[in-house]
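Those protein sequences? They're chains B and V, same order as listed.
Counted from 1, the first sequence has number 25 at position 25 by the numbering used here; the numbering is strictly sequential.
All you need for the numbering used here is the position in the second sequence, starting with 1, plus 1000.
In short, the hints are calculated from the structure, not lab data.
The model shown is predicted, which means the values in this text are computed figures rather than measured ones.
Using N, Cα and C, we set each Cβ at its ideal position, and we do this for glycine too.
Check each hint, because a few of them may be wrong.
[Stated by the list, open to error] With the C-beta cut set under 8 Å, the calculated list includes, among others, these residues of chain V facing chain B: (1) Val1003; (2) Phe1039; (3) Ser1043; (4) Leu1046; (5) Ser1109; (6) Gly1110.
[What the hints assert, rightly or not] Here are a few chain V residues that sit away from chain B, every Cβ distance over 10 Å (derived from the structure): (7) Cys1013; (8) Lys1041; (9) Asp1088; (10) Glu1103.
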Amino acid sequence: AQTVTQSQPEMSVQEAETVTLSCTYDTSESDYYLFWYKQPPSRQMILVIRQEAYKQQNATENRFSVNFQKAAKSFSLKISDSQLGDAAMYFCAYRRRVEYGNKLVFGAGTILRVKS
Amino acid sequence: GAVVSQHPSRVICKSGTSVKIECRSLDFQATTMFWYRQFPKQSLMLMATSNEGSKATYEQGVEKDKFLINHASLTLSTLTVTSAHPEDSSFYICSARVSGSNEKLFFGSGTQLSVL
């Protein structure tokens, strides 16, 4: 079974600074997706960024970028120029690519606090 | 982006009663919907996968007679918590996959269930 591990229960960052959230996963599959989701106090799940495992290039979305190390099964999220609105719980997630209807497996989450 | 409407957002009920939660895809068809449960400051735990027109697939440890799932149309799935007890109090979230896509997945805004 696939597992996703987020080893940082909480992280803090100063506004305008950069922070990196860690994620490792375990799978025997070669074709899959990895995601970072943000859950603010409203509790609405928001997709931050997505990475396809077959792509070597790291995904980037504005201030958010990932460091995808497939051999090491590591998928960290870097948030640059942190803003107060980035404060939320962040979940790393994994999903197999090869069949429809396959489920997301979530990590335990990391609470990110942004200090002004 | 696509919208998934989840209703109600909050419900309080007495122990022993049943509660129905609706999940609707407003502007797309969803062959598959997922139901998650989330305790405070914890991760999302998948309860079941529902496919339109067929029986839901429940995760290990989830009582199918307790959590009834119906996915009668391509835009609506319902979760009924039967004979609710205080330990069923939790945040329930649905997500819907766009039919024909293995990539596009959208979340509802969640339902906070409190059982007195």
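Verification of the supplied hints:
Checking Val1003 of chain V against chain B: minimum C-beta separation of about 11 Å lies over 8 Å; hint violated. At a threshold of 8 Å, the smallest CB-CB gap from Phe1039 of chain V to chain B is about 11 Å, leaving the interface hint violated. At its closest, the beta carbon of Ser1043 of chain V sits 5 Å from a beta carbon of chain B; the interface hint therefore holds under the 8 Å criterion. Interface hint status for Leu1046 of chain V: upheld, as the beta-carbon distance to the closest one in chain B is roughly 5 Å, under 8 Å.
This hint holds: Ser1109 of chain V has a C-beta 5 Å from the nearest C-beta of chain B, less than the 8 Å allowed. Hint on Gly1110 of chain V holds. Least Cβ distance to chain B is approximately 5 Å, under the 8 Å limit. Even its closest Cβ contact with chain B, about 20 Å, leaves Cys1013 of chain V beyond 10 Å, as expected for a residue assigned away from the interface. The Cβ of Lys1041 of chain V does not lie farther than 10 Å from every Cβ of chain B; its closest approach is about 7 Å, which violates its non-interface assignment.
For Asp1088 of chain V, the non-interface assignment is confirmed: its Cβ lies about 18 Å from the closest Cβ of chain B, beyond the 10 Å cut-off. Non-interface call for Glu1103 of chain V relative to chain B: violated, since the shortest CB-CB distance, roughly 7 Å, does not exceed 10 Å.
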